[in-house]
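Order-wise, the sequence lines are chains A and B. Mapping of the first sequence onto the numbering used here: position 395 corresponds to residue 395, and the numbering continues sequentially without gaps. Mapping of the second sequence onto the numbering used here: position 241 corresponds to residue 241, and the numbering continues sequentially without gaps.
Everything labelled a hint here was simulated from the structure, so no lab data went into it. Treat the hints loosely; a few may be bogus.
Only part of the chain A face toward chain B is listed, based on derived beta-carbon distances under 8 angstroms [claimed, not checked]: (1) S43; (2) A129; (3) A167; (4) P168; (5) V214; (6) D411; (7) H418; (8) E420; (9) N452.
Even for Gly, the Cβ is constructed at its ideal location relative to N, Cα and C.
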Amino acid sequence: MAFKSLLRATVFASSLIMAGGVFVSPALSETVFNRGNSADPESLDPHKTSTVYEAHILRDLYEGLVMQDQNAELIPGAAESWTISDDGLVYTFKLRADAVWSDGSPVTADDFVYAFRRLEDPATGAEYASMLYVVKNGEEVNTGKAKPEELAVKAVDPTTFEVTLNAPTPYFLEMLTHQSTFPVNKASIDKLGADWIKPGNLVSNGAFTLAEFVPNDHIKLVKNPKFHDAANVKLDVVNYFPTEDRSTAIKRFEAGELDSNDDIPTEQLADLKAKFGDQLRIGPYLGTYYYAIKTDKAPWDNVELRNAVSMAIDRDFLAEKVWQNSMLPGYSMVPPGIEGYEPAMATFAEESQIDREDKAKAVLEKLGYTPEKPLKMEIRYNTSENHKNTAVAIQEQLKPLGIEVTMVNTDTKTHYGHLEQKGDFDVARAGWIADYKDPESFLGISRKASGNNYSNYNSPKFEELMDKAAADGGKPELRLKDMSEAERVLIDDVGQIPLLYYSYKNLVSPKIAGFDENVMDVHPSRFISKQ
Amino acid sequence: MLMYVLRRLLTAIPTLFIVVTLAFFLIRIAPGGPFNQERGLSPEIKANLEAQFGLDDPLWLQYGNYLNNLAHGNFGPSYNLPDFTVTELFAAGLPISVQLGAMALTLALLLGGTLGIVAALHQNRWEDYAVIATATAGSTIPTFVIAPIIQLVFGLTWNLLPIGGWNDGAWPNKVGPVLTLALPQIAIVARLMRGSMIEALRGHHIRTARALGLSDWSVIVKHALRGALLPIVSYAGPAAAALLTGSVIVETIFAIPGIGRYFVDAALNRDYTLVMGTVVVIAIFTIVFNLIVDILYAVVDPRVRYD
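Using the sequences and the accompanying hints, generate a full structural model.
Laid out in structure tokens, this is it:
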């Protein structure tokens with residue numbers, strides 16, 4: 001019996017090998033890009049978007065008024081041109097005449113009116129509704145104080161779409177590259193209800209259309225022959241594979257099952273660099289890893305103490321040893337990489353770590369804390385090996401100063417639930433990734449009224465400068481200068497403790513071209529080709 | 001017997017009700033909610049989202065609505081994957097988990113059972129030691145170690161199998177997950193089988209059968225095996241329920257779109273409806289397989305009667 005099983009197993013195994021040979025070879029006529037994505041999208045409805053994982057897919061499926069090219073530079077999308085009124089309030093978009101939905105119907109100004117209203121309609125429950133709060137009545141509609149029809153958007157004629165803003169907003173166009181402002185097809189939503197999003201039903205206006213969506217397995221997009229620039233789209237099929245296990249993703253890449261992957265297990269970085277060489281691409285990404293610190297709670301309400309803590313943290317060590325250089329040492333809330341903006345770095349950034357430690361120690365001694373009579377500090381972080389290691393390293397770095405760090409680890413939902421409800425803590429781990437390329441995206445979270453202001457930072461001077469920046473919306477250079485000054489105040493106040501800047505970490509096969517590196521980590525499949 | 005089965009199925013309803021009620025309130029006690037994330041939402045936007053899913057209703061009403069929907073076979077929408085209802089997610093994932101689990105269970109029972117019998121018949125000889133050593137190793141090496149080794153050896157070094165993915169259920173994609181699921185089960189079944197077979201072979205009826213001159217084959221298969229199967233049957237029931245509803249580790253490592261990972265992911269995401277759906281499915285599988293075990297008992301062991 002045992003022998004028979006063994007025999008059967010051998011036959012079984014050899015048949016698998018033969019089957020395997022058949023399955024690996026792709027059809028020759030089609031160019032297929034197998035793209036690793038860290039997780040499945042939450043939704044393919046642009047108005048229900050919430051993570052960066054679906055951003056890649058939505059950018060392939062839909063086309064907004066403006067889009068980003070392979071360098072994350074703004075390019076015309078469904079709108080071929082636009083004009084801005086002299087007061088900076090009215091944007092008039094001229095839609096391209098040849099833009100059509102995948103069902104052949106034209107993309108009109110009414111589609112954008114519908115999409116913008118839908119994003120703000122409270123019934124949609126859009127997480128990114130705040131993207132259009134800059135539009136007149138946007139916030140009022142979303143909070144139920146005005147009707148969706150009152151949103152200041154208008155179809156002047158089928159190819160002219162007009163938006164009126166509350167105040168001059170120089171980053172408005174940049175915001176429109178965000179997937180939450182993409183249009184959806186009204187006719188199919190009216191006809192199919194919730195099923196409009198299903199493969200086979202989904203009507204989109206981007207370079208690709210949805211062919212298959214098997215949750216946790218794959219999303220298959222196929223080239224949209226009706227796309228206005230279809231002649232320049234080189235891929236026939238894009239398969240997105242959500243591979244949550246980073247080690248598996250690496251092995252799938254190595255075995256050729258994936259042509260690219262958007263993350264790596266950072267703990268293996270040194271080995272991966274040696275193994276993959278140029279195929280591993282790491283570079284600055286617009287994101288900040290920081291610690292929120294309760295600025296309104298004793299003893300942390302003391303700026304001098306907060307600054308001493310921040311100063312004593314060895315960010316080079318964190319970046320090199322804990323994160324294996326997959327992050328960069330961070331001294332400002334706005335990471336470098338936004339054109340025309342000078343981030344305000346902590347004043348101690350250029351000093352040596354030894355000097356910083358000595359200074360920090362002196363401050364703590366002055367305040368009466370020593371290793372014998374330590375100050376207690378609790379660091380909260382959400383579950384992740386790297387977040388833990390970061391906290392442990394900081395615990396060790398602060399010990400000689402007379403700070404005794406304890407740690408509280410909770411899962412992500414508990415962690416952010418606690419922060420959101422203004423629960424008690426001393427220091428808590430947080431991170432911020434840019435939704436659009438503007439310092440506002442990073443500085444807004446430290447404003448008094450922001451739900452993301454976990455530090456409870458409240459500085460009239462900071463608020464004043466941020467208001468001034470908003471008022472100077474018509475003068476972009478002055479506005480950026482105002483914001484840099486605001487950040488100076490925030491950093492000198494140690495309203496948050498910036499620790500690291502994020503990096504993108506992509507594995508890209510040499511067969512792939514057009515997967516260019518940029519600070520937004522944006523790689524539209526439309527510009528990608530495969531040998 | 002039929003009465004017994006009917007009675008058991010009827011008592012399953014209150015059991016399910018208790019499980020559902022406990023799960024409903026327990027997951028809501030957990031801190032944080034489905035819409036807490038790194039990028040915090042303003043209170044108004046969060047309120048819009050909660051209203052959309054009825055999470056702004058009083059808890060008793062939410063509970064009532066959930067039970068009512070459940071009674072109509074409606075598990076509700078998933079909060080974190082709003083493109084799909086929970087039913088759609090299970091319709092896509094459950095067949096995959098069941099398929100892999102059934103293959104692993106079959107492999108475990110056949111191979112583990114055979115190894116156990118071989119060991120028992122050669123007690124304290126090399127065959128026995130080999131089986132015990134393998135079984136111990138098999139049940140102590142965790143799946144999260146076995147799975148990457150299978151990927152590395154069969155996938156990267158020998159290029160025989162794909163690393164991961166489901167690929168519409170192609171054969172090669174199933175081998176790694178099935179082997180990983182089956183190995184620890186083979187070990188457990190082999191040890192159980194060995195123990196109970198040794199026990200059975202000592203029975204008086206075996207001695208009598210041998211004395212009557214029956215062949216070895218007949219003694220072992222017809223007389224000893226039947227009694228020795230009882231512990232395997234009682235083990236296989238809960239094991240089947242667990243295997244068929246998927247394994248979070250195996251499905252995550254091999255990137256398999258089954259339902260096993262929903263059990264953990266949904267709880268971490270506070271995707272209440274998906275958690276509830278998973279609990280109901282696992283509860284039903286457990287109840288059904290326990291019933292099957294009890295019926296099999298009566299089939300295998302004539303001393304067991306349900307009147």
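Status of the hints after comparison with the structure:
Because the closest C-beta pair between S43(A) and chain B is about 5 angstroms apart, less than 8 angstroms, the hint holds. Hint on A129(A) holds. Least Cβ distance to chain B is approximately 6 angstroms, under the 8 angstroms limit. With a cut of 8 angstroms, the hint placing A167(A) at the interface with chain B is violated, because the nearest CB-to-CB distance is about 19 angstroms. A least Cβ separation of about 23 angstroms between P168(A) and chain B goes past the 8 angstroms threshold, and the interface hint is therefore violated.
Given hint, V214(A) at the interface with chain B, holds; its Cβ is 6 angstroms from that chain's nearest Cβ, closer than 8 angstroms. The beta carbon of D411(A) comes within 6 angstroms of a beta carbon in chain B, closer than 8 angstroms, and the hint placing it at the interface holds. Against a cut-off of 8 angstroms between C-beta atoms, the interface hint on H418(A) holds, since the closest Cβ of chain B lies about 7 angstroms away. With a cut of 8 angstroms, the hint placing E420(A) at the interface with chain B holds, because the nearest CB-to-CB distance is about 6 angstroms.
Satisfaction of the interface hint for N452(A) is found here, the shortest Cβ-Cβ separation to chain B being roughly 4 angstroms, below the 8 angstroms cut-off.
The structure fails to meet hints 3, 4 from the earlier list, while all remaining hints are met.
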